[in-house]
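Peer 1: Letter by letter, the chains look like this.
Protein chains: 2
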Amino acid sequence: MKTHIEFTRTPISPPVPPAGTREVGAQVEFLGIVREMENSQPILGLFYEAHEPMARTQLEKILTELSSVHPCAEVWFIHRSGFVPVGEASLFIRVQSRHRQAALQLTAALIDRLKADVPIWKATAKPSNL
Amino acid sequence: MKTHIEFTRTPISPPVPPAGTREVGAQVEFLGIVREMENSQPILGLFYEAHEPMARTQLEKILTELSSVHPCAEVWFIHRSGFVPVGEASLFIRVQSRHRQAALQLTAALIDRLKADVPIWKATAKPSNL
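As given, the protein sequences belong to chains A and B, one line each in that order.
Numbering (the numbering used here) for the first sequence: 1 to 130.
Numbering (the numbering used here) for the second sequence: 1 to 130.
In case anyone wonders, no lab produced these hints; they're calculated from the structure.
If you only want the chain B side, here are some residues facing chain A, beta carbon under 8 Å, derived: (1) R22; (2) V24; (3) G25.
Pair by pair, the computed Cβ-Cβ distance ranges are: (4) F83/B / P11/A: 34 to 42 Å; (5) T57/A / G87/B: 32 to 40 Å; (6) E38/A / M37/B: 44 to 52 Å; (7) T124/A / M54/B: 47 to 55 Å; (8) P14/A / M54/B: 29 to 37 Å; (9) K126/A / A125/B: 51 to 59 Å; (10) E38/A / T3/B: 22 to 30 Å; (11) K126/B / T57/A: 42 to 50 Å; (12) E23/A / Q101/B: 25 to 33 Å; (13) R9/B / P71/A: 27 to 35 Å; (14) D117/B / A19/A: 28 to 36 Å; (15) P119/B / T8/A: 43 to 51 Å.
Sample of chain A residues at the chain B side, in silico, Cβ under 10 Å: (16) P17; (17) M37; (18) V86; (19) G87.
Cβ coordinates follow ideal geometry from the N, Cα and C atoms, glycine included.
Please take these sequences and the hints and turn them into a complete structure.
Peer 2: Encoded structure:
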């Protein structure tokens, strides 16, 4: 499985989807967007900090594991670091595969593993009057 | 849940994603793409034919059912009809929700139900020398 992993301090602009091979039957794209409430409190945004080399190594390892269960052709992973205001995406994932189930399942599993096993931390930015 | 259902005889161009509300934390987009092989035979493309009024009614019913299990904010569904060549998308789905699980699960369930319960048929276009 081909992988593209990127961290960026600027708004995510997903790369133009390639045509894919003629064997690709499904493409899933996921955006994780910062919501205005965190633990029932209004926030301005979230700060993300990644240990990039470790995160990258860990993501490659997770993707290798996941692709043996959910065979896919290509995966793109882009994560913001630094401040992400409410309404903007902190995470973009694109998965291309032959069959839809593999792409949908790999996407869901990758986000679960990301939250559990990848060194990316977040902190809340609250309005100063709270 | 807000729904947008469309059938088109021309290539699918997904509408520009709206900003969403500040409560939307996840967006899933799915493309179903015509592969070059169907039942181990090379094909030129697929012909899709929908009974549009019935398909639309059925989709609305399915989406109402699914949204009670997987609460989402808004769904876009675009399906090609007529000839779709290999490499082009026959189906586009976009789901926005507060939480990622609901969007991912509604997308997967909607495609399963589409294939089982919606009056859209397909036929294979094979190279004439086969």
